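Asks: As a plain string of letters, each chain reads:
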Amino acid sequence: MTPQPLSLSRSDTDSDGVRAPLVATVAAIVLLTVAYMLVYPVFVMNMLCFGLFAAAFNLLFGYAGLMSFGHAAFFGGAAYITAYTAKYWGLTPELAILLGVLFAAAFGVVVGYLAIRRQGIYFAMITLAIAQMFYFFCVQAPFTGGEDGIQAVPRGRLLGLVPLDDPRFMYAFVCAVFLLGSLAVWRIVNSPFGVVMRAIRENEPRAISLGYRVERYKLAAFVMSAALAGLAGSTRAIVFQLASLTDVGWQASGHVVLMTLVGGVGTILGPIVGAGVVVSLENYLATSGLPIHVVLGFVFVFCVMFFRRGIVGEAEALLSRLRRRRS
Amino acid sequence: MTELFNIPIQAFYVQILIGLINGSFYAVLSLGLAVIFGMLNVINFAHGAMYMLGAIFSWMMLTYLGIGYWPALVLAPLLVAGLAVLMEKFLLSRLYALDHLYGLLLTFGVAMIVEGGFRHWLGTSGQPYPMPSAFEGVADIGFMMLPLYRGWVIVFSAVLCLATWYLIERTRIGSYLRAATENPTLVQAFGVNVPLLMTATYAFGAALAAMAGVLAAPIYQIGPLMGQNLIVVVFAVVVIGGMGSIMGAIVTGYALGVIEGLTKVFYPEASSTVIFVIMVLVLLTRPAGLFGRA
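One line per chain: the protein sequences are Y and R, in this order.
Heads up, the first sequence is in the working numbering, so the first residue is 207 and it goes up one at a time.
Heads up, the second sequence is in the working numbering, so the first residue is 1161 and it goes up one at a time.
By construction, these hints were calculated from the structure, which means they are not laboratory data.
For clarity, every value in this text was computed on a predicted model and none was experimentally measured.
Do not rely on the hints blindly, as some may be mistaken.
Residues from chain Y that face chain R, not an exhaustive set, calculated with beta carbons under 8 Å [claimed, not checked]: (1) 328; (2) 332; (3) 334; (4) 502; (5) 507.
Cβ coordinates follow ideal geometry from the N, Cα and C atoms, glycine included.
With the hints as extra help, turn the sequences into a complete structure.
Replies: Rendered as structure tokens:
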């Protein structure tokens, strides 16, 4: 009874080559422009930040097969750094975000170095425990503002010029960050590095015997994922002008796993779709009086039991089945 | 001598005692996790929720049915074990053929449902549970006053740990269990009902967690989040002790409780993180854990 390895994606090799991301990017820009007019922009920005967070998590989980249960530490930690430096050092937003990302990457080196010593569930538990240590640090450290968090973070002027207090500029900026981040994920996955990453996920001993220094690849994947999660957290801190404990707790780590699972593990679009669904669901539940955690828990259980490929994964499977029938 | 490093010696005793009590809970909970992991290869993320259920059930029994502490100490774990049987039969057992991470994810979802449900119903504020009348009062044990109930918790959990260790390491059922973790197919071929053994193991681990919950009820505030806060520490204990090692779970559970208590005397700010710091140090030197096999 050897357990099947975690491989859920069929979209690993993008047959459409370079054109697909171009088309997708244009489509995304059009979609985001339309969304600004149709939906409450703050809601869309929240969705985009979580979408990027989920994409960063999926880079590690879906493509390298490493499930981190502590990714909130990078997301929330970067948010704290950005909020603090923007508010108390008066940095411009891009510098504050850059510092947040750098912190997440550096922290990612430390956590990754410790966690990749073990695999599978151990890896998940170690990342969870280190993230929890960081959570306790954030509860006590004076600069995080304890239970209150860091509030009223100034949005400032991008490059000292563009006032992000103007909702339209803020929205455009978040869209740009989101698109660049997603593009980075796509680029990493579809690079020689990404191929090695998937080889390690599918069969680590074989990758080792082929001569790859597996630890280095894993660590690199971990750091990139942490940095992108930090980018998402930092941007969110600027959008909502807030960094708080809810972003670093392990519930937030579970949250991003749920989003990725709902959308489809190991697909490029999945985490983004999943984040959209989960954020919309929460938005709806918040006013419905239904217990949010119970509903999300049921969604979680349902996805694990019956819907493991997620929305995008199932859609892709359906599409390829239709295509095969036609040919 | 009444002082050590300028700290009154009484404070040491008190913190060692508190550490031993916390350690008792770490030991019983990580023991349950280790048993379940050893047999099912599942990290039971719902372990904290089961601990919480043990406490809340005993509180509900007292409040709504007038059932006291002693019957609750048996009934609540049985009830939780029953729920665990259903969960293993209908959900977990369908995931064994997949990556082990799915077991973790499933139990995480179940924990969300259970804890979220009670949070919706009870709110996050704690409920008090009266001390059982037999254990009111304190005993003078020479160097300090020992609250009787706390003494009972330490003794009872130690008995629980030893009994479990004996059951798994020294009895016939235990030997089936250990054999089945090594090679389930072969043990099945010898006529042992492995799926039943797995269900029973899961239920047993859940019952241990629930029993810890009942034990905790008179000491800590009962609330929907009581398990959530504890479970991550227990995970760290398990990583330090070495996953799946029965002895490792017990020994590190008590030891880390005491270390945590002593940290509270010397450097209180670090007391909530000291276990995680130890975990990092252990990982750097012995990635398989103190008692684990690589």
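Asks: Please verify that hint: residue 507 of chain Y, Cβ, nearest Cβ of chain R, below 8 Å or not.
Replies: Interface hint status for residue 507 of chain Y: holds (4 Å vs cutoff 8 Å).
Asks: Minimum Cβ distance from residue 332 of chain Y to chain R below 8 Å?
Replies: Interface hint status for residue 332 of chain Y: holds (6 Å vs cutoff 8 Å).
Asks: Quick check on the hint: residue 502 of chain Y CB to chain R CB, less than 8 Å?
Replies: Holds, about 6 Å.
Asks: Regarding the hint that residue 334 of chain Y lies at the interface with chain R, is the smallest CB-CB distance below 8 Å?
Replies: At about 6 Å, which falls below the 8 Å cut-off, the nearest Cβ of chain R leaves the hint on residue 334 of chain Y intact, so it holds.
Asks: Does residue 328 of chain Y pass the interface hint, meaning its C-beta sits closer than 8 Å to a C-beta of chain R?
Replies: 6 Å, holds
Checked against the numbered hints above, the structure violates none of them.
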